[in-house]
Each structure stands twice: as structure tokens, then as C-alpha cells.
Amino acid sequence: MKVLVAVKRVIDYNVKIRVKADHSDVDLTNVKMAMNPFCEIAVEEAVRLKEKGVATEVVAVTIGPKAAQEQLRTALALGADRAIHVETEERVESLAAAKLLAKVVEEEQPGLVILGKQAIDTDNNQTGQMLAALAGLPQGTFASEVVVEGDKLQVTREIDGGLQTVELTLPAIVTTDLRLNEPRYAKLPDIMKAKKKPLDVKSPADYGIEVASKLTLLKVESPAERKGGIKVGSVDELVDKLKNEAKVI
Amino acid sequence: MSILVLAEHHDGQLAGATAHVVAAAKAIGGDIDVLVAGENVGAVAEAAARLDGVVKVRVADNAVYAHQLAEPMGALLAELADGYSHLLAAASTTGKNVLPRVAALKDVSQISEIVEVVDADTFKRPIYAGNAIATVKSADSLKVITVRSTGFDAIGEGGSAAVENVDIVADNSQSSFVKQELAQSDRPELAAAKVVISGGRGMGSGENFKLLDGIADKLGAAIGASRAAVDAGFVPNDMQVGQTGKIVAPELYIAVGISGAIQHLAGMKDSKVIVAINKDEEAPIFQVADYGLVGDLFQILPELESKL
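Chains A and B, in that order, are what the protein sequence lines are. The first sequence begins at 1 in the numbering used here and counts up by one. The second sequence begins at 250 in the numbering used here and counts up by one.
It is possible that part of the hints are untrue.
Computed footprint of chain A on chain B, listed as stretches where at least three residues anywhere in the stretch have a Cβ under 8 angstroms from a Cβ of chain A [unchecked claim]:
{"no.": "1", "segment": "350-358"}
{"no.": "2", "segment": "485-495"}
Think about it this way: if two alpha-carbon atoms lie no more than 16 angstroms apart in a straight line, the pair counts; the simulated EDC-like pairs of lysine to aspartate or glutamate are [said to hold, decoys possible]:
{"no.": "3", "chain 1": "A", "residue 1": "K195", "chain 2": "A", "residue 2": "D81"}
{"no.": "4", "chain 1": "A", "residue 1": "K2", "chain 2": "A", "residue 2": "E106"}
{"no.": "5", "chain 1": "A", "residue 1": "K214", "chain 2": "B", "residue 2": "D370"}
{"no.": "6", "chain 1": "A", "residue 1": "K214", "chain 2": "B", "residue 2": "D356"}
Just so you know, these hints were derived from the structure itself, not from any lab. Just so you know, these numbers come straight off a predicted model, no measurement behind them. Glycine included, every Cβ here is placed at the ideal spot set by N, Cα and C.
The following block holds chain B by itself, in its conformation from the complex (with noise of 0.2 angstroms):
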């Protein structure tokens, strides 16, 4: 078996996830290549290299390829796929864009946001919100698959595998790259934080978010935010945690203002412990938190802050 792993970086950094969608490649076993397509990849290709147990990097370097568009990426990840049993990536905003486009090309299914390996064609995934986990086989030749990340654990550096080029330039006439708009945060990325710190609707402005800043900056946490908030146009959209938003699984994750809706659970309820602080103590999130404390957000914020 040969498993073929689609880089997931941005600006010019290799991004985190891409080490937790190796090791879910070590679950199935074989030889893992890694490819990095891009336009100025070569310093992600090389901590690309230095990801333990990766056997090669493939790079395709190509203005083509800048943004990574779903038409050039997946026309070159269906040319690349013949040789391997396995194609993964992170179940990311890039991964979904691009591997059922490939899968697709390739006349074969996708499995999605797999949380465990049971054998090289049996995989875990959750449906329903996270309501339930369904065990798929699969009797395609090739195996297209997102990985969740929080269901791997990251795999280390100390591999020193070989780079090549991909000389394939695939064309695209059909989308372009118009512009990008990112969020500016010196904080963790929030699906590879420890911590999380997450307000909901109870916030009541985006002007009280601050109120996270002090805690999350002690405790080194990313800040999140349920679709309430979101939507009441506290703080933008990546910053979301559920169904519909990221996924995170984090040591700690506190949970201010938030109702505990079944959508904002399927994004947290992975986490190590969970801690809700909720003025209303009926609130569902009471059901899946490790500490719960009932109070008004506004006088306890300010105090764990000040006890930390």
C-alpha cells in the first residue's frame, strides 16, 4: 500500500494538521508520500520532509497552483493518484474543497472527517452533528479520504525524506483568484489550541469578546465563538466552533454564553474538559460540562481573570 498525503499550508508555512493527517496514514500503513502544491512552496516542502515516517515529498510549484483552486488541484491530484491505495487530507476548508473533486474524477467514493482507522479499508466517522458514529468499508481501489485532525494525534519531526518535483502543470481556464480577506490574530489557530475559550450570544456585544482577552492571554488560549454570536455580528465567522464551523478537541475548553445547542456541541464535545459558565442553569451545555458554574458572565469573567 501507498498512501499519498495533500499538504495543508498556508503562507508559506507548513500547517499543523497536515502532522495529524500523517499519523492517520501510519494507522493504515505503507509508505506515505506527501504532496505540496502551491506557487513558493519550497519551505513548506522541507518541514514537509521532516515529518517522521513520510517516505517522500512531492511538489508541484507552479503559479497554477497559488491559492490552491479546486480545478488545477484537482486535476493534478487525479493524475498523481493512480499509483496510490490511499489519497488523505485534512478535513479543512482546502480538503473538502479539492478531494471530492478528485474522488469524482476518479469514479471512486470519498469518506469524510474519518476519527479513527479500524484497518486500511474500515474507517470511523461521526454523522448526525457527532450523534453518531458510523463504522464504512470501502471496496474502491483507491481510498479518497478527509481526516479530522482532533482525532489523531500529531506525529513528530526526525524524518529526513526525499524531495522530487511534479513537472505536471495543470490548466485552468475556469476560476481565478480574486482576493482574500484573513483574520488577523496573534492567538493559537483554534483547531491546534490546548485551550479554548468560546462566547455564545450571552456575550451580548463584540465589544464584551474582550473580556476573553485577559484570560485567554493567561491561559494561552484561542478564542472561539458559537453561530449565536457569529450571527448577531459579534466577531467573524472563522472564528466559529460547531457543525457548521471548526471542529476542535482541546485540553480545556470553556464555554461562556453559550446555550449548548446540538450543532455547537458537535464542534466541542471531543474536548478533555469542559467548563461552562451560564447564567441560565437549565442550559444544555450543563449536560456535557466537566465544571459547570451558574452566574452572571459579567462578574465571573473578570474574577477567574483576575485568579489565574
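Bound conformation, chain A alone (with noise of 0.2 angstroms):
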């Protein structure tokens, strides 16, 4: 079975962000990218896959700018076998994504394809619901425990209030969440090696799909600023401001 995976190329999550002057959008310029971390959790499942026999090629993707194969290196490094890079240098919203995803999925024809649940950057929790709407598949969000039995494959997925399995028909979608795995770093001579698997640059028009979307972003702002709080001396005196002061208790 082949395993398609996506990645996404985000700021690195230890990073402050900045908003920009004008209020356009968060600034990037010379900060850290990494690979989205649920996105590192997709790829080491799909690697998993593949040690246990149960995939037999995993082939990374993302969508995004040049600089986008640093992740796919990255991807490659840690096990997959090939990549394709959709370049693009536009801002790409989930349905767009998803769109071209699921193109590369009818090119592809992979048994499964495992997304990270969010990415970190927009937050947005979309791409995986919508390519599985897009391909016709069954989907199994928020995944953290995945097991293949013959054309099934079994999902156990974290829900509010506690975990649900869920059974679905394979071709399937599955999406991340932070407990499917722990990922494994790479290793300097696989990270040698990657540089010499195939990568395929794609461009969106080969595919035929408009990036452009129906949301535009006006503005971006901080966030309002909590006011510096006190260091209070003992329990008596906390419980004393959050009943006189604060008046929450």
C-alpha cells in the first residue's frame, strides 16, 4: 500500500511572532521554519507503516514556496521514499490545498494518506475533512492510534470528553494528533542520503486548480495585552485579593 503524507512549512512553534507594523500579517522574514510538528507526526506514522510492512512507498508532499523542500528534505531524511513539491509562492487557504491534494491523491492513488490534524500557524483544523470530501474517502480525525486490518483500517480518535474507534473502508484519510507517536530525528547519512531522492516539482496550474480564494485577510493585530500581575507573599493574602480584590471566590 502506498502512504501519501503532507507537510506544511510553518514558523517554528518555539518561536515569539511578531506582528507586522502595517498590521498585513504576522512577520517571517528571517525567522525559523520548521516542519509543522503534527505534520512530523504524520510522517513518522506513515514510516512506522512502512517498518511494519504495511506500506510499501511513502511519498511526501507539500505545497508552498521554494524554500518548502528544506520540509520535504526533512520528510525525506526521516524515511519517505520520494516527494512532489507544489510550488507556489501565493498565500494557499485550506481549500485550495485540499484541492490540490486531492488531485495528487487521483495521480497517486494512494491506500492512505495521513495529514497533521492543524497546522500551527493558521490554526485552522480544515485540510484533512476537506480532501476527504474532495476524494470521495472516509476520514479519521484527530488520530492516536491507527491500525490496518486488510482493506479496514481501525482509528481511534481523541474526542471532547475521551476516545472514540472508529472503523473505516480504506482508501482513508487520517489526520494527526499530538499522541499517534513520538518522531524520530534524523540522522545526519540519512540526511545525506535524502538529498539524492527524487523530488518532482509541480506547479498548481499543472493541475489545473486557482489558488486564489474567497476569504481575504484585512488585518492582524496583537492580541490585547493581560496587565502585569503581583507576586502575592502567602496563601492567606492570595485568598484575601481573589475575595476582596478579584471578588472571583
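Relying on the hints, combine the two individually framed chains into one complex.
In C-alpha cells form, the structure reads like this:
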């Protein structure tokens, strides 16, 4: 079974972001970028399926600027066999990303597609579900466990209040939650080998997809700052402040 | 304009989140219908009909909608959406699972986790783990939106909406429900609690989370946790507060043994009053806390419990 993994280049999760002075967006110049943490988990799961003999080939795909090839090389170093880069400098919203991925799915015919549950930049949590709809496939979102059994897939999902297990027919779309696995680090020899693995570059036009969206980003602002608080010296003082100053207990 | 709100419900009960979503629908303006889809949801529909401002409750009661699997729910909503300008659901795991599927079936974008309605086409939503607020405008004919409950005050009861059945039965051969394991708790629901007390890695063990019980009992609080505490196996993951867990905005949030990573703050920094109890006075949590107490939580917690 072929497994397709979608990865996204995002700002590194440890970076404290800054909003641009003109409020047009977040400032990404000279900021450390990385693979979205949920995508790392997706790659790891695909590679583990290959190690178990379930997956025969792992294909990594990304949509984005030229620099996003760094994240594809990372995926290749982690164990993906080849990569597809849909190159565009435009802002790609979830729906357009899902349409492009649906074309890749049509072309590659994977048995399973794994994505992260959300990207930590836009925090949308949409692309996997949209891809499932467009490809006409079932979806196992927020997965914390994935078991392939013949032509079926058992997915344990993290839901409000606990866990839910669903069974899906393959092919299917899975999005990863944090607890699905612990991603490995790329080893230096693998990083060197990854440079030689095949990487196809395509454009949205090759797939006949318009990236333009009906959503317009009007403004980006910093959230309201919290006023600096005080340190209290004792439990008595804390209880007194909560009762008499903040009046919350 | 007319708005369809997908009702959130669990175990035959209407979830509190629905009243927040109807409040967001009111802010948009227009006629508000609520869809209750599931199996044996008569009581849920009755409760939804009492929500203030709801014109009509549409009920799709069929075994195929049990557990609200995304595939049949997506098909149902895609068929119903045509008569509406807006489709809203809570940004719960159900809403997040189903709505993007509907949006793609209708070839429109989705706007996730709005916290403010600017006008019928324009909405505010947090991005980058809540470190920026984006204002987005949609030109789609159908706006598909998930609503962050903490951004809108719940509307009250007092309505008496008409209840009507929806006969659409989606077929689903692609997915089936296997089982569910829900955490048992007598405490208030985390996302709706007025007071939340959360423990982090500093709690040291799952056993030590019992130190929070007495305080939670006295304050009527829900108990939460940081990702570190969940990953360490102290408590189950549905207690996690943060970017990847639940978003809470209670009156009072007490963070115990939590350093205050960006991803945790994303889930609680809109709380009215934040208290931090931590032995490291440099911990980032103190930068957002209204009241900070530096010290050993194993001494502070029992003392706090006795003095409440």
C-alpha cells in the first residue's frame, strides 16, 4: 500500500511571533521555519507503517514556496521514499490546498493519506477533512492510534470527553493528534541520502487548480495584552485578594 | 439571511456549547434554525427549542447519525445548507470534524474558531496559538464557521421554536462506530466551568493530582492539565488545556506547577483572573498571572484548601 503524507512549512513552534507594523500579517522575515509538529507525527506514522511492512512506499507532498523543499528533504531523511512539491508563492488557504492534494491523490492512488490535524500558523484544522470530502473518502481525524487490518482501518480518535474508535474502509484520510507517536530525529547519514531521493516539482497550474480564495485577510493584530500582575507573599494574601480584590471566589 | 446552527449534544443531552453558538448566530443577525442530528435525540430537540432566538429546530433522528460520524453528517449538512447563508457549529471535536467536510462539499472556505463577529461577512479569529488575531472577510455565498464558545456569552432560555423532522437519510458504507471510552467525572465540564484549576509537570505524579480535588470541590471547579502532565501519564488527555487541547476562559484559572509554554497559554489566557503557583519565579506563567505565588505546591495546596 502506498502512503501519502502531506507536510507544511511553518514558523518554528518555539518562536514568539511578531505582528507587522502595518497589521497586514505576521512578520516572517528572518524567522526560523520548520515542519509543522503535527506533520512530523504524520511522517513518523507513515514510516512506521513501512517498517511494519504495511506500507510499500511513502510519498511526501507539500504546497508552498521554493523554501518548503527543506521540509520535504526532512521528510525524506526521516524515511519517505520520494517527494512532490507543488510550488507557489501565493497564500494557499485550506480549500485550495485540499483541491491540490485531491489531484495528487487522484494521480498517486495511495491506500492511505496522513496529514497533521492542524497547522500551528493558521490553526485552521480543515485540510484533511476537506481532502476527504473532495476525494470522496472516509476520514479518521485527531488520530491517536491507527491499525490497518486488510482493507479496513481502525482509528482511535481523541474527542472531547475521551476516545472514540471508528472503522474506515480503505483508502482513507487520517489526521494526526499529538499522542499518535513520538517522531524520530533525522540522522546525519540519512540527511545526506535524502539529498539524492527524487523530488518532483509541480505547479498548481499543472493540476488546473486556482489558488485564489474568497477569503480576504483584512488585518492582523496583537491580542489584548494582559496587565502585569503582582506576586503575593502568602496563601492568606492570595485568598484575600481573590475574595476582596478580584471577587472571583 | 438565515443561519443553520448544528446542535452539539452528548448522551441525549444538549451541550452547553450550543447556547454560545446561537449567541454568535444572533450577532450575525437573521433567522436562526438549529439542526439536531443523531439517534434518539427527542430530548435534545426539545432543549434546543427552548433556546432564546431560535426560530425552528430541525431534527434528523436516525441510526445513521448516531455518534455523528463525519461522512453521513457531512452529506446531511451539505444537502440542508442550500437554504442558508451561514452554517455554524461549535469548535468542538464534532464541529471541527464535520464542518470542513461540508465546506469542501459546497466548494466554500471555512472560517475556524471565530471569537468575534464584525459583520455578516467579517469575523475575528486567533491564529499562531492565539498570539495574533486575524480579521477575515468571506465572499462565499455560504459561510461555514466554527465558533469558539468562550468568545460568546451563552444565550438564555425562554424560546419556543417549532420542531420539525428532516427526512434525509444519508447512506454510509465508508465508516462505522466501534467503541467509545469516555472519562467519568462529576465535576463541571472543563470548557464551561467558572473556575478551573490545572496541574502541570510540577505535580510530579498522577497520585498528586488528588491535591487539587479538595480545592476543586470547594470552588466548584473543573480540573485541567498541561500537555506535560498528560504526556507524563498523570491524567487523561481530555483534561488538556491548550492549543491542541481545550480552550477555556473561566472567571478564575489556577495554574499549579505549570511553566506557561505558548501552547498552554493559547488555551487559557482569556481567563478573567489567572493565579499561578510555581516554585520557579522566572516561569513564564507569572507574566500572564494576575496573582502569582512562588513556592512549593506541596505546601501551598493543602494550606490553600484549608483556607478556602
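For this session: Kindly indicate which numbered hints from before are broken by the structure, ordering the numbers from low to high.
Result: none
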